[in-house]
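Chain by chain, the residues run as shown.
There are 2 protein chains.
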Amino acid sequence: MNNVFAAYIAGFLDADGSIYVQLKKNTSYKYDFQIYAQVVFCQSSKHKNFLVKLCKEIGYGYVRERNDNISEYIIGDCEGMMCVIDITLKYLKLKKEQAILMQKILNQKQNIDSADDFVRLAKSIDRFRELNYSKKRINTADVVKKHLIEKNLLTP
Amino acid sequence: MNNVFAAYIAGFLDADGSIYVQLKKNTSYKYDFQIYAQVVFCQSSKHKNFLVKLCKEIGYGYVRERNDNISEYIIGDCEGMMCVIDITLKYLKLKKEQAILMQKILNQKQNIDSADDFVRLAKSIDRFRELNYSKKRINTADVVKKHLIEKNLLTP
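Quick note, the sequences are listed as chains A and B, same order. Position in the first sequence (first residue = 1) + 69 = our numbering. Position in the second sequence (first residue = 1) + 69 = our numbering.
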């Protein structure tokens with residue numbers, strides 16, 4: 070992939086995309102929380118074909134059409150997110166901090182060996198939400214820590 | 070300006086910018102219609118500084134903060150629009166047709182010698198609105214033509 074294409078994608082992502090990660094309560098996971106991360110490109114559904122083409126060029130993710138005439142190109146798998154961040158990082162201007170932190174979080178996620186590691190990861194996610202100005206923060210690192218202590222998975 | 074910056078701007082403009090032109094009734098103009106054209110980059114006002122920086126780098130236009138927490142970097146002068154289109158044209162994917170047509174319209178605008186020329190320009194603007202899926206078209210080429218005939222500025 071050449072630099073000019075990478076810079077174009079970075080401009081597009083800065084303007085109308087999002088990089089985000091959150092914790093969702095899900096008791097089928099080892100620590101009762103799922104790490105839910107996505108890189109998303111949005112556009113009016115009249116440009117859905119453009120997103121489909123972009124998806125083919127990048128080689129990860131999928132395109133879905135919402136009910137409100139907006140289509141989204143969503144990359145939700147770790148490898149795909151790492152790839153798109155690697156490609157765009159040096160050209161991003163608005164979302165560079167989010168991209169760097171997402172890299173860190175995805176690396177942390179692949180190396181969780183203990184409840185302590187998981188709480189550390191949750192703290193990185195707290196920081197992410199500050200960057201994204203997310204107001205509704207339910208599953209913060211504090212909530213995770215308290216839960217893991219209650220379940221005797223973590224010592225106070 | 071290097072290619073990578075140009076490609077970034079093109080991606081940004083494709084994702085969250087607009088290129089548009091319309092006719093506004095204004096009897097202080099020779100043919101009673103003003104050609105109102107703009108290239109606009111939009112963002113949440115929390116990124117207003119980014120738009121201000123972009124404005125300095127491109128060297129044309131101005132940034133304004135709207136009441137709804139959105140800021141706009143607006144280029145409304147002919148030279149500035151020509152410049153930003155020249156820079157981005159070969160990298161645009163979604164708005165390439167609009168950019169090419171805008172170049173044509175800006176050239177036509179600088180070379181109006183008769184009411185016939187003005188009606189031809191109005192027809193280009195009709196085509197522009199088709200590209201932009203504009204539904205409210207009041208001042209079409211037909212309206213302009215009829216008005217100029219009524220004013221004896223054009224022979225039927």
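If you're looking for bench data, these hints aren't it; they were derived computationally from the structure. Honestly, I wouldn't trust all of these hints.
For identical chains, the list gives no copy identity; a pair is met inside one copy or between any two copies.
As the list claims (entries may be wrong) - 25 angstroms max Cα-Cα, derived DSS-like pairs, lysine-lysine:
1. Lys-117 - Lys-178
2. Lys-159 - Lys-215
3. Lys-159 - Lys-205
4. Lys-192 - Lys-122
5. Lys-93 - Lys-125
6. Lys-173 - Lys-159
7. Lys-125 - Lys-115
8. Lys-115 - Lys-204
9. Lys-94 - Lys-162
10. Lys-159 - Lys-122
11. Lys-117 - Lys-204
12. Lys-99 - Lys-125
13. Lys-125 - Lys-165
14. Lys-115 - Lys-162
15. Lys-159 - Lys-125
16. Lys-214 - Lys-122
Now the hints, each set against the structure:
1. When the C-alpha separation of Lys-117 and Lys-178 is checked against a cutoff of 25 angstroms, the pair qualifies neither within a copy, at 32 angstroms, nor between copies, at 34 angstroms.
2. Proximity of Lys-159 to Lys-215 under the C-alpha cut-off of 25 angstroms is found in neither arrangement, the shortest distances being 38 angstroms within a copy and 54 angstroms between copies.
3. In the homo-oligomer, the alpha carbons of Lys-159 and Lys-205 never lie at most 25 angstroms apart, since the shortest distance is 30 angstroms inside one protomer and 41 angstroms across protomers.
4. When the C-alpha separation of Lys-192 and Lys-122 is checked against a cutoff of 25 angstroms, the pair qualifies neither within a copy, at 36 angstroms, nor between copies, at 32 angstroms.
5. Taking the shortest alpha-carbon separations for Lys-93 and Lys-125, neither the intra-copy value of 29 angstroms nor the inter-copy value of 42 angstroms comes in at or below 25 angstroms.
6. Within a single copy, Lys-173 and Lys-159 get their C-alpha atoms as close as 16 angstroms, which meets the 25 angstroms cut-off; across copies the closest is 35 angstroms, which misses it.
7. In the homo-oligomer, the alpha carbons of Lys-125 and Lys-115 lie at most 25 angstroms apart inside one protomer (18 angstroms), although the nearest pairing across protomers, at 33 angstroms, exceeds that limit.
8. Taking CA atoms no more than 25 angstroms apart as the test, Lys-115 paired with Lys-204 passes between copies only; the shortest distance there is 15 angstroms, against 31 angstroms inside one copy.
9. Proximity of Lys-94 and Lys-162 under a CA criterion of 25 angstroms is satisfied in neither setting, with 32 angstroms inside one chain copy and 40 angstroms between copies.
10. Taking the shortest alpha-carbon separations for Lys-159 and Lys-122, both the intra-copy value of 23 angstroms and the inter-copy value of 18 angstroms come in at or below 25 angstroms.
11. With identical chains, the CA atoms of Lys-117 and Lys-204 are at most 25 angstroms apart between copies only, with a shortest distance of 20 angstroms across copies and 30 angstroms within one.
12. Neither within a single protomer nor between protomers do Lys-99 and Lys-125 lie at most 25 angstroms apart by alpha-carbon distance, with minima of 34 angstroms and 51 angstroms respectively.
13. Taking the closest pair of Cα atoms, Lys-125 and Lys-165 come within 25 angstroms of each other both inside a single copy (24 angstroms) and across two copies (21 angstroms).
14. Taking CA atoms no more than 25 angstroms apart as the test, Lys-115 paired with Lys-162 passes between copies only; the shortest distance there is 14 angstroms, against 27 angstroms inside one copy.
15. With identical chains, the CA atoms of Lys-159 and Lys-125 are at most 25 angstroms apart both within one copy (22 angstroms) and between copies (21 angstroms).
16. For a Cα distance limit of 25 angstroms, the shortest separation of Lys-214 from Lys-122 qualifies neither inside one copy, at 42 angstroms, nor across copies, at 42 angstroms.
Of the numbered hints listed earlier, those contradicted by the structure are 1, 2, 3, 4, 5, 9, 12 and 16.
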